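Undergrad: Spelled out, the chains give:
Protein chains: 4
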Amino acid sequence: MTMKVAFVGLGIMGEAMAKNVVKKGYSLSVYNRSGEKAKRLEEKGAAVAGTPKDAAKAADVVILMLTGPEAVGEVLEGPEGLSEGLEPGKTLINMSTVPPSYAKALSKRLEPLGVAVIDAPVSGSRKPAEEGTLVILAGGPEDKVKEMEPLLLTMGKKIIYCGQAGQGASMKMATNLLLGIMAAGLCEAVNLGQKCGLSTSTMLETMLSGPMGCALFEFKKPMLISGAYSAQFPLKHMEKDLKFIIQTADEAGAAVPGGHTAFQLYRQALGHGLADMDFAAVKKVFEMMSDPFPLV
Amino acid sequence: MTMKVAFVGLGIMGEAMAKNVVKKGYSLSVYNRSGEKAKRLEEKGAAVAGTPKDAAKAADVVILMLTGPEAVGEVLEGPEGLSEGLEPGKTLINMSTVPPSYAKALSKRLEPLGVAVIDAPVSGSRKPAEEGTLVILAGGPEDKVKEMEPLLLTMGKKIIYCGQAGQGASMKMATNLLLGIMAAGLCEAVNLGQKCGLSTSTMLETMLSGPMGCALFEFKKPMLISGAYSAQFPLKHMEKDLKFIIQTADEAGAAVPGGHTAFQLYRQALGHGLADMDFAAVKKVFEMMSDPFPLV
Amino acid sequence: MTMKVAFVGLGIMGEAMAKNVVKKGYSLSVYNRSGEKAKRLEEKGAAVAGTPKDAAKAADVVILMLTGPEAVGEVLEGPEGLSEGLEPGKTLINMSTVPPSYAKALSKRLEPLGVAVIDAPVSGSRKPAEEGTLVILAGGPEDKVKEMEPLLLTMGKKIIYCGQAGQGASMKMATNLLLGIMAAGLCEAVNLGQKCGLSTSTMLETMLSGPMGCALFEFKKPMLISGAYSAQFPLKHMEKDLKFIIQTADEAGAAVPGGHTAFQLYRQALGHGLADMDFAAVKKVFEMMSDPFPLV
Amino acid sequence: MTMKVAFVGLGIMGEAMAKNVVKKGYSLSVYNRSGEKAKRLEEKGAAVAGTPKDAAKAADVVILMLTGPEAVGEVLEGPEGLSEGLEPGKTLINMSTVPPSYAKALSKRLEPLGVAVIDAPVSGSRKPAEEGTLVILAGGPEDKVKEMEPLLLTMGKKIIYCGQAGQGASMKMATNLLLGIMAAGLCEAVNLGQKCGLSTSTMLETMLSGPMGCALFEFKKPMLISGAYSAQFPLKHMEKDLKFIIQTADEAGAAVPGGHTAFQLYRQALGHGLADMDFAAVKKVFEMMSDPFPLV
Numbered sequence: 012m013t014m015k016v017a018f019v020g021l022g023i024m025g026e027a028m029a030k031n032v033v034k035k036g037y038s039l040s041v042y043n044r045s046g047e048k049a050k051r052l053e054e055k056g057a058a059v060a061g062t063p064k065d066a067a068k069a070a071d072v073v074i075l076m077l078t079g080p081e082a083v084g085e086v087l088e089g090p091e092g093l094s095e096g097l098e099p100g101k102t103l104i105n106m107s108t109v110p111p112s113y114a115k116a117l118s119k120r121l122e123p124l125g126v127a128v129i130d131a132p133v134s135g136s137r138k139p140a141e142e143g144t145l146v147i148l149a150g151g152p153e154d155k156v157k158e159m160e161p162l163l164l165t166m167g168k169k170i171i172y173c174g175q176a177g178q179g180a181s182m183k184m185a186t187n188l189l190l191g192i193m194a195a196g197l198c199e200a201v202n203l204g205q206k207c208g209l210s211t212s213t214m215l216e217t218m219l220s221g222p223m224g225c226a227l228f229e230f231k232k233p234m235l236i237s238g239a240y241s242a243q244f245p246l247k248h249m250e251k252d253l254k255f256i257i258q259t260a261d262e263a264g265a266a267v268p269g270g271h272t273a274f275q276l277y278r279q280a281l282g283h284g285l286a287d288m289d290f291a292a293v294k295k296v297f298e299m300m301s302d303p304f305p306l307v
Numbered sequence: 012m013t014m015k016v017a018f019v020g021l022g023i024m025g026e027a028m029a030k031n032v033v034k035k036g037y038s039l040s041v042y043n044r045s046g047e048k049a050k051r052l053e054e055k056g057a058a059v060a061g062t063p064k065d066a067a068k069a070a071d072v073v074i075l076m077l078t079g080p081e082a083v084g085e086v087l088e089g090p091e092g093l094s095e096g097l098e099p100g101k102t103l104i105n106m107s108t109v110p111p112s113y114a115k116a117l118s119k120r121l122e123p124l125g126v127a128v129i130d131a132p133v134s135g136s137r138k139p140a141e142e143g144t145l146v147i148l149a150g151g152p153e154d155k156v157k158e159m160e161p162l163l164l165t166m167g168k169k170i171i172y173c174g175q176a177g178q179g180a181s182m183k184m185a186t187n188l189l190l191g192i193m194a195a196g197l198c199e200a201v202n203l204g205q206k207c208g209l210s211t212s213t214m215l216e217t218m219l220s221g222p223m224g225c226a227l228f229e230f231k232k233p234m235l236i237s238g239a240y241s242a243q244f245p246l247k248h249m250e251k252d253l254k255f256i257i258q259t260a261d262e263a264g265a266a267v268p269g270g271h272t273a274f275q276l277y278r279q280a281l282g283h284g285l286a287d288m289d290f291a292a293v294k295k296v297f298e299m300m301s302d303p304f305p306l307v
Numbered sequence: 012m013t014m015k016v017a018f019v020g021l022g023i024m025g026e027a028m029a030k031n032v033v034k035k036g037y038s039l040s041v042y043n044r045s046g047e048k049a050k051r052l053e054e055k056g057a058a059v060a061g062t063p064k065d066a067a068k069a070a071d072v073v074i075l076m077l078t079g080p081e082a083v084g085e086v087l088e089g090p091e092g093l094s095e096g097l098e099p100g101k102t103l104i105n106m107s108t109v110p111p112s113y114a115k116a117l118s119k120r121l122e123p124l125g126v127a128v129i130d131a132p133v134s135g136s137r138k139p140a141e142e143g144t145l146v147i148l149a150g151g152p153e154d155k156v157k158e159m160e161p162l163l164l165t166m167g168k169k170i171i172y173c174g175q176a177g178q179g180a181s182m183k184m185a186t187n188l189l190l191g192i193m194a195a196g197l198c199e200a201v202n203l204g205q206k207c208g209l210s211t212s213t214m215l216e217t218m219l220s221g222p223m224g225c226a227l228f229e230f231k232k233p234m235l236i237s238g239a240y241s242a243q244f245p246l247k248h249m250e251k252d253l254k255f256i257i258q259t260a261d262e263a264g265a266a267v268p269g270g271h272t273a274f275q276l277y278r279q280a281l282g283h284g285l286a287d288m289d290f291a292a293v294k295k296v297f298e299m300m301s302d303p304f305p306l307v
Numbered sequence: 012m013t014m015k016v017a018f019v020g021l022g023i024m025g026e027a028m029a030k031n032v033v034k035k036g037y038s039l040s041v042y043n044r045s046g047e048k049a050k051r052l053e054e055k056g057a058a059v060a061g062t063p064k065d066a067a068k069a070a071d072v073v074i075l076m077l078t079g080p081e082a083v084g085e086v087l088e089g090p091e092g093l094s095e096g097l098e099p100g101k102t103l104i105n106m107s108t109v110p111p112s113y114a115k116a117l118s119k120r121l122e123p124l125g126v127a128v129i130d131a132p133v134s135g136s137r138k139p140a141e142e143g144t145l146v147i148l149a150g151g152p153e154d155k156v157k158e159m160e161p162l163l164l165t166m167g168k169k170i171i172y173c174g175q176a177g178q179g180a181s182m183k184m185a186t187n188l189l190l191g192i193m194a195a196g197l198c199e200a201v202n203l204g205q206k207c208g209l210s211t212s213t214m215l216e217t218m219l220s221g222p223m224g225c226a227l228f229e230f231k232k233p234m235l236i237s238g239a240y241s242a243q244f245p246l247k248h249m250e251k252d253l254k255f256i257i258q259t260a261d262e263a264g265a266a267v268p269g270g271h272t273a274f275q276l277y278r279q280a281l282g283h284g285l286a287d288m289d290f291a292a293v294k295k296v297f298e299m300m301s302d303p304f305p306l307v
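Residue numbers (the numbering used here), protein chains in the order written: chain U, 12 to 307; chain F, 12 to 307; chain Y, 12 to 307; chain D, 12 to 307.
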């Protein structure tokens, strides 16, 4: 535990994850663009770095939890960026969601400098982040991932080793494709039933008690019954993920017709101002696309 | 249990269901177009009727489990059809999957003749049919459904009352829409991951251990790993159901973009000769639509 | 010209077509469900039949121009229907748009009775119908189609012989699929340009002056510029045609992804109350699906 | 004509366009990654520059005709790149197809250096490029576009001024969206008709003689009849353009369902090895997605 860790990116997810790292006794310094969140970590015992470079200088391992490739690029290569502080022998763990091609390029960029790179996006949203029960999808050198296990297990309950650099990101793409399709599918099915005059709660009871019953649908059930979608996983992130997924599918040569259909629905939701609601708010798009009055 | 029951339609599902009815002690007569299957029921203690009309004549309650509206129409209105034997006071329980508009029309056709009509399609495939653990989605007069509960519970473990005539069918449409989308979504996600170079079993482990984990995906897991799709629920039935779903959505004024996407995939599977495989064989369509060689 | 003709169905298209038949000197009797329109034909010199049966009795050739298969079925088989008056040696020309399978079934139904059946749907809308410049897509026995040419040429400028029974309908499906896709495509492209800040008229000038320039887009240009969509070809008919096209594609084993996409757009337009506008009003659906405020 | 011009990018289009510039008497220097093509221009009277920087140094106006944003970025910012030779007062005309956001960024990047930037993608493929009859879609400062008219008219027959920086690119996106949808739509319609048993040439005659008849379909007619798709406009370029279109639609907040459908078809074509055929070869994808044997 003499390992010194830096954590960059203190959004909803990042803040919760960083708290778990410090809580388990790691020496932690944090960096965030807006200082306020860093202060909250300081209260928990973390040091606050003034720049990404300083954060990297002071640490053996740097963890990133940012909104996407642009943010990662900026923090890495911008003025006073991480790259200036990442010396040989250090490790970068990128937990931000990025396309596999970006994850691979990141690894290619830093490995010649003697920096080990792990891509380790997470499955799970706010609550498991707070409880330290995320599932972590790791790609990169297997021995390095093993070495980082104790650190990663402060944030997650399970680490799934997916393969070499970029494969953690690939796994995230595959699982979030399914996630986006399933949530939109649930909303589409419930909307169809509603237009047919069925009771929403009877429908959800039926769906949950059969072979399709799963925790995801349990989470969304009260949202669909109440029509209130306070964000567990903000819709704008699902929209962004599906964009990465379509790009990844294009690069990998895989057909993703369900992904294209889902992307268009979530994208339309953005246009209707639902960006910060839970991604199950895509239900409202089905309502808007359907007849004002059922025909039956 | 002095109630006399007739069962028409002894396909994979019907035969298993009829066996459970007779096993629980009901007086049963059966009718099937091809006689062989009727003989197997005869051995279990059922009487064999020569025509649908005769079956209806001899019974208080007639159960239908046929392939769709055309088959129901033929059995009902064809020569020596049910309608000639359905006298006032009798009950018709249609467990075949039909569009809600057809279920409603059936009720409208027979109620003036004093025949009570229940639509009661089932959720579940071969195995729960054999074990008598189907979920039955019932529409029609609530008291009549209550009255039929003991009979229905010989075939299923649970009866969900969905509302008036046609609402059982509506519930079936909503749940099978989700089913069709989820299975295709799983195949699409797994195919994407495979093209990215991920291990199929690691992927399924990841998906099953998270919030999307469900019995449906457990059933499909060995199929996706082995590439062998022996039918639990034949693909051609899912394709037909999605056709009914698109029709129902059109009539109800509901948008079903995921349904259209899924229908096209299962329909394409038919054209490639996968009709009698399990509906998870739609995976092969994703393979055919993807690049022969991964680009990464 | 001693041939006696009956015309059944005096909608926007039918009335205009029947007028051309009588104007060219044919002895004509007409039937329409609502009598008023028949009266307008009477003023032009046509006799008015009280029932479809009477219309058929009095004629050598019966022309149908109805809204679809249901209407054709009712006029044919309903009480006092055509089938009671169609004696051997007579000819039925169905110019209504129906799926090819229906056109074939119609032929199979009547040919054993000695009635020749031609399916002859038209390409073109109100204006060419009035001017007698429709393009007629004919299927059925080739010699019979030849024999009917003079009669058909009172309504159209060109007859395209497409093959045996049902092939006229097949041609209509193929051409209207393209029509539905092109009109929706034009609206989608113009909407994209508008969201990017381009001038609508500059866009249409560009599109019309290049290889995509065609009469269809010329017709729609003033609609897209003004935003007023008075019906040349009502949107509800395009929606219905695309439903037939999806059914036909299913029966023929053809993939129609563009057809599914277009159907959903026109269907959504119906739900928003655009049924009786021109089918180019599908533009409004693109507007509703797009962001309220352009992001650029 | 004392204006000195540099032309960078001598692909199929660029070579033909550069030849027209030199033929009309402009003093031209050219640069191309592979030297061979530059030699062919040298024979026509052009000077050959060793680097993009040298090309820019020697010229008043630099024209780019490259494969996309990556190529433009490399030529501009790479070692010995254009940016090192583009002095104040010079003009850059980018005729490569790029997304509007890229065109705008290019303008923002260079205008502070005193370089005027025009985006001027073209409508038309190999033949009009050779004949100097392209349609040029120009965005940028209106007076600068006017000033460049004589130069642009050596390559095109018509210049359409679309608005400020990026609007030429926007117009290209809108028109190519329509182009991609129309060509795929034609293939889909013809494939449907073929599966129904119609004659391909009768179908094309029907489509071309009606309101949808256009030069585009005339060009594709012999391809669809022969099944041989030698490239006028290579399929891989259409696939790339649709990718830009989807990105542009996302940025502009416009729904492009037809674009998503079309993209998937052309992308699937790439996977089947059709990249270098004409984009009408997407027809083969419809064939592969359809039943091996027609059902009718």
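No lab work stands behind these hints: they were computed from the structure.
The model shown is predicted, which means the values in this text are computed figures rather than measured ones.
Fair warning: there could be bad hints in the mix.
Since the list gives no way to pick out one identical chain from another, each pair is judged satisfied if it fits inside one copy or across any two copies.
Stated by the list, open to error - Under the rule of at most 27 Å between Cα atoms (straight-line distance), these lysine-lysine pairs were calculated in the DSS-like manner:
(1) 55 <-> 169
(2) 169 <-> 64
(3) 168 <-> 232
(4) 251 <-> 119
(5) 15 <-> 251
(6) 68 <-> 251
(7) 48 <-> 119
(8) 247 <-> 138
(9) 295 <-> 254
(10) 68 <-> 247
(11) 119 <-> 254
(12) 119 <-> 295
Undergrad: Each hint: holds or not?
TA: Hints, verified against the model:
1. Taking the closest pair of Cα atoms, residue 55 and residue 169 come within 27 Å of each other only inside a single copy of the chain (25 Å); across copies the shortest separation is 52 Å, beyond that limit.
2. Proximity of residue 169 and residue 64 under a CA criterion of 27 Å is satisfied in neither setting, with 30 Å inside one chain copy and 54 Å between copies.
3. Proximity of residue 168 and residue 232 under a CA criterion of 27 Å is satisfied in both settings, with 25 Å inside one chain copy and 23 Å between copies.
4. In this assembly of identical chains, the alpha carbons of residue 251 and residue 119 lie at most 27 Å apart whether taken from the same copy (24 Å) or from different copies (26 Å).
5. Taking CA atoms no more than 27 Å apart as the test, residue 15 paired with residue 251 passes in neither setting, with 32 Å inside one copy and 45 Å between copies.
6. Taking the shortest alpha-carbon separations for residue 68 and residue 251, neither the intra-copy value of 32 Å nor the inter-copy value of 42 Å comes in at or below 27 Å.
7. With identical chains, the CA atoms of residue 48 and residue 119 are never at most 27 Å apart, being 32 Å at best within one copy and 34 Å at best between copies.
8. Taking identical chains as interchangeable, the C-alpha atoms of residue 247 and residue 138 lie at most 27 Å apart only when both belong to the same chain, with a minimum of 18 Å there against 41 Å between chains.
9. Taking identical chains as interchangeable, the C-alpha atoms of residue 295 and residue 254 lie at most 27 Å apart whether they share a chain (20 Å) or sit on different chains (24 Å).
10. Proximity of residue 68 and residue 247 under a CA criterion of 27 Å is satisfied in neither setting, with 33 Å inside one chain copy and 46 Å between copies.
11. Proximity of residue 119 and residue 254 under a CA criterion of 27 Å is satisfied in both settings, with 23 Å inside one chain copy and 26 Å between copies.
12. Taking CA atoms no more than 27 Å apart as the test, residue 119 paired with residue 295 passes in neither setting, with 42 Å inside one copy and 34 Å between copies.
In summary, the structure is inconsistent with hints 2, 5, 6, 7, 10 and 12 from the numbered list given earlier, while agreeing with the others.
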